[in-house]
Structures are given as C-alpha cells and as structure tokens.
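Trainee: Below are the chains, spelled out letter by letter.
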Amino acid sequence: MIWEVFRRERKGQAFEHAGSIVAPDSEFAEAWAREQYGRRGESVGLWLVPRDAIHDVEDWADEFDLKYRRVDGYSIKARLKEARERASSRPR
Amino acid sequence: MADRADTLLALADDELVIGWRDSEWTGIAPMLEEDVAFSSIAQNEIGHARAVYELLSDDADALAFDRPPGEYRCAPLVQLHLLDWAHTIARRWLYEVADEIRITALRDELPVAAKIDREEAYHRMHAEMWHERLQDEPRFRDAVSELWPYALGVVLPEQRAALSARVGLEEVEAVERGVFDDSFAALHEEMTMVRRSAPVGAQW
Amino acid sequence: MQFHGNPIPKDEDPMYVWRIKSQGNEEARQQFLEGYVPQIWELGLTVPDPKLRRRDDGTWEYTEPDWSELKHVVTGHGPKTEERLAFRRRFLEQEQWVRDTVLAA
Chain A
1 MIWEVFRRER KGQAFEHAGS IVAPDSEFAE AWAREQYGRR GESVGLWLVP
51 RDAIHDVEDW ADEFDLKYRR VDGYSIKARL KEARERASSR PR
Chain P
1 MADRADTLLA LADDELVIGW RDSEWTGIAP MLEEDVAFSS IAQNEIGHAR
51 AVYELLSDDA DALAFDRPPG EYRCAPLVQL HLLDWAHTIA RRWLYEVADE
101 IRITALRDEL PVAAKIDREE AYHRMHAEMW HERLQDEPRF RDAVSELWPY
151 ALGVVLPEQR AALSARVGLE EVEAVERGVF DDSFAALHEE MTMVRRSAPV
201 GAQW
Chain E
1 MQFHGNPIPK DEDPMYVWRI KSQGNEEARQ QFLEGYVPQI WELGLTVPDP
51 KLRRRDDGTW EYTEPDWSEL KHVVTGHGPK TEERLAFRRR FLEQEQWVRD
101 TVLAA
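Chains as they are written, first to last, in this note's numbering: chain A, 1 to 92; chain P, 1 to 204; chain E, 1 to 105.
Keep in mind that a hint or two might mislead.
Said to hold, decoys possible - With a straight-line cut-off of 30 Å between C-alpha atoms, the simulated BS3-like cross-links for lysine-lysine are:
id, chain 1, residue 1, chain 2, residue 2
1, E, Lys80, E, Lys21
2, A, Lys11, E, Lys80
3, E, Lys21, E, Lys71
4, A, Lys11, P, Lys115
5, E, Lys51, E, Lys21
6, A, Lys67, A, Lys81
For the record, the hints were derived by calculation from the structure and aren't laboratory data.
Let the sequences and hints guide you as you build the complete structure.
Mentor: Here is the structure:
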C-alpha cells in the first residue's frame with residue numbers, strides 16, 4: 001500500500017508533501033516514516049495518508065479570461081503615465 | 001547487587017555492539033524503508049552508548065575502543081553475527097524487551113537512562129510491530145527460541161522472571177556476560193580499526 | 001575528481017531532472033574545488049595536479065579525469081562490482097519471504 005507523507009518542519013507551518021512509502025498498514029507506515037522523515041529532528045509532525053484516500057483534482061475549465069477577478073487584472077500604469085503627461089503639459 | 005559502574009559499562013557495551021551489528025544490515029535489509037529505519041535505530045544505539053560512556057570516563061572514545069576484547073562487558077546476545085533477517089529481527093525484539101526492563105530500573109536515579117528510555121520507546125514500537133507480524137512465522141519463532149538463553153544474559157538474574165513473563169518463554173540457563181562469541185575478536189578488530197590507525201594522541 | 005560525474009548539461013541529466021541531484025555535475029565539481037583547494041593551499045599542502053589553477057573568471061581548470069574509466073566502472077565493470085552485487089542478490093533472495101509476509105496487505 002502506498003502512503004503519502006506530509007511533514008511540518010515547525011509548529012504553525014503548513015504540512016508539505018515530503019514523499020511516499022510502501023507499507024502494509026499504518027503501524028509500519030508510522031515506524032518507517034518516523035525514521036525517514038524525522039530522524040534528524042527535521043519534522044515536528046507527519047501526516048500519513050493512504051494514497052487511495054487522496055481525492056485528486058486535476059482538470060479545470062479555462063475558457064474565459066477571468067483577469068477581472070484579480071487585483072493585477074486592472075492595469076492603470078498606462079493611464080497613469082498619460083495623466084502625468086497631461087498634467088505636466090498644462091500651464092500652472 | 002551488581003556494581004553500578006559495571007551495570008553501566010555493560011549497558012554501554014551492549015548498545016555499542018548491537019549498534020555495530022545492526023548497522024551491518026545497511027544496504028541488505030528486506031525492504032528499503034526498513035533499511036533506513038534499521039540503520040537509524042542502529043545509530044541511535046551508538047548514541048546511547050556514547051552518552052553512557054561519558055558518565056564513566058572523560059574520554060569516551062578511549063573507553064569504547066581501547067580495551068582488549070576480553071574486557072568488554074557486552075552480553076553474548078549482541079555479539080552474535082547474524083546473517084538472516086529472522087534471527088536479526090528476533091534479536092532486535094528480544095533485546096528491546098530486555099533493555100526496557102533494565103533501563104526502567106535505572107531511570108529514576110539516572111537522568112541519561114530516562115533520556116535513553118524516551119528514545120527507546122520508538123525502538124520498542126518498531127520491534128513490537130515486527131514481532132506482531134512475524135510471531136506465527138516458524139522461522140521467527142525458531143529464531144526467538146534459539147536466542148532466548150542469550151537474551152536472558154542481558155538482564156540481571158533478579159530481572160529474568162520479568163523478562164520471561166514478557167517474552168512468554170520459560171526461564172532457562174542464561175548465556176552470561178563474560179562469554180565471548182567466536183566472532184567477537186573479528187568484530188572488535190574491525191570496530192577499532194580506524195581508531196588504531198591514528199597515532200596515539202592524534203586529533204581529527 | 002570523477003566523483004561529481006562527467007560534465008553533461010544538467011537538463012540532460014536524469015539525476016537532476018528527477019531532483020536526486022540539486023545541481024549539474026560540473027557546477028558541483030567547481031563548488032567542491034572552490035571550497036577545498038584554497039584551504040589546502042593555505043595549509044601549505046600541494047594538490048598533485050599540475051594543471052590545477054583558478055582562472056580569471058573564477059572557475060577552476062584541472063586535468064580532465066578519465067571519463068571512460070568512470071563509465072566502465074559505473075556500468076557494472078568495476079573491480080568489486082560482481083562481488084557487491086552478488087552479496088546484495090543473496091540477501092534479496094534470502095529475504096523474499098519477509099516481503100511476502102509483511103507486504104501482503
């Protein structure tokens with residue numbers, strides 16, 4: 001059975017995928033994951049997840065330009081430049 | 001009541017030698033994950049040995065490596081050169097059960113024993129896991145039976161009834177410390193080779 | 001000097017592509033030289049390579065190692081290869097029962 005190992009380096013940090021191991025059950029998975037991902041004190045926590053338990057999401061509809069949903073979707077750089085030029089050419 | 005210094009030296013020598021023997025399986029354990037785990041546990045044991053040698057001497061390296069083979073206090077169990085997994089893992093399990101009994105006895109008076117005990121909790125978990133998986137397997141059961149007299153030699157006589165109860169085997173005549181397996185001379189030679197190759201007083 | 005491998009571009013090196021190595025072979029070798037050679041010279045020791053020097057651009061020049069020798073060894077023709085592999089095969093076969101028993105889940 002394949003187990004995906006997620007580890008967290010410090011308390012408060014997110015768990016990150018670290019690798020996978022082959023083990024027959026959670027006991028073996030834990031014993032082995034401890035020695036592979038925590039033996040140098042590099043992890044404060046591990047999540048061991050059977051690969052089957054992972055619900056994979058891989059495809060997306062990407063039909064429309066959804067730039068307008070993002071902060072960087074509106075560029076005012078060009079308009080700001082024009083406005084500055086207009087302002088500097090006006091008599092004071 | 002055994003002399004405290006001798007008890008500690010025996011503990012340190014056991015941890016050093018089992019660490020050495022177990023590290024012989026690096027690269028040839030039955031599966032990759034176990035190879036890493038087994039090697040890691042072997043390193044931990046050597047770390048424990050050092051911690052205890054440091055209680056007994058200002059020069060842990062000298063104490064660990066400079067004695068002639070006959071002066072080591074390690075139990076015959078850890079000296080055995082085991083060339084198959086059934087015996088190797090049977091020994092690991094028997095050793096951890098025995099070690100727990102003697103470490104627990106030292107834990108309250110010796111801070112380093114308490115520290116060792118806390119790390120050994122994971123060794124025990126690992127050993128129990130294998131024991132549970134293999135306890136009905138004839139190769140494993142036979143190996144445990146063969147190693148049983150040696151296992152008894154790890155603990156003090158007054159601790160053997162407890163060991164017997166935990167392992168589930170009748171107490172028999174123990175192979176006591178002070179006996180050296182035929183392979184021990186070669187083990188000692190190899191283990192001290194690097195140390196002996198440097199001139200006395202040389203520093204890394 | 002052969003240790004870091006022959007100087008193939010890292011994008012052509014599966015070891016780099018699969019993130020087993022974190023840099024190209026030549027990069028690693030240069031880093032190794034940069035780290036150790038100045039210290040060795042500072043201690044008054046010599047390195048037995050008459051061509052070894054640091055170029056103006058900071059990279060190290062050295063006598064090209066025998067890459068065909070390295071290839072010969074790493075493709076299973078080294079002096080101890082057969083012994084080493086036989087040792088591993090022996091244990092692999094001997095412990096098949098362990099995998100069969102434990103991994104059957």
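Trainee: Are the hints correct? Go through all of them and say.
Mentor: Verification of the supplied hints:
Taken as a hint, the Lys80 (chain E) and Lys21 (chain E) pair is honoured in the structure, with Cα atoms around 25 Å apart against an allowance of 30 Å. A C-alpha spacing of about 47 Å is found between Lys11 (chain A) and Lys80 (chain E), which places the hinted pair above 30 Å, so the restraint is violated. Our distance criterion of 30 Å between C-alpha atoms is met by Lys21 (chain E) and Lys71 (chain E), whose separation comes to about 18 Å. Under the criterion of a C-alpha separation no larger than 30 Å, the hint pairing Lys11 (chain A) with Lys115 (chain P) is consistent with the structure, at around 23 Å.
Annotation: proposed proximity of Lys51 (chain E) to Lys21 (chain E) holds, straight-line Cα distance about 28 Å (limit 30 Å). Between Lys67 (chain A) and Lys81 (chain A), the direct Cα distance comes to roughly 22 Å. Compliance with the 30 Å bound is thereby established for this hinted pair.
Checked against the numbered hints listed earlier, the structure breaks hint 2 alone; every other hint is satisfied.
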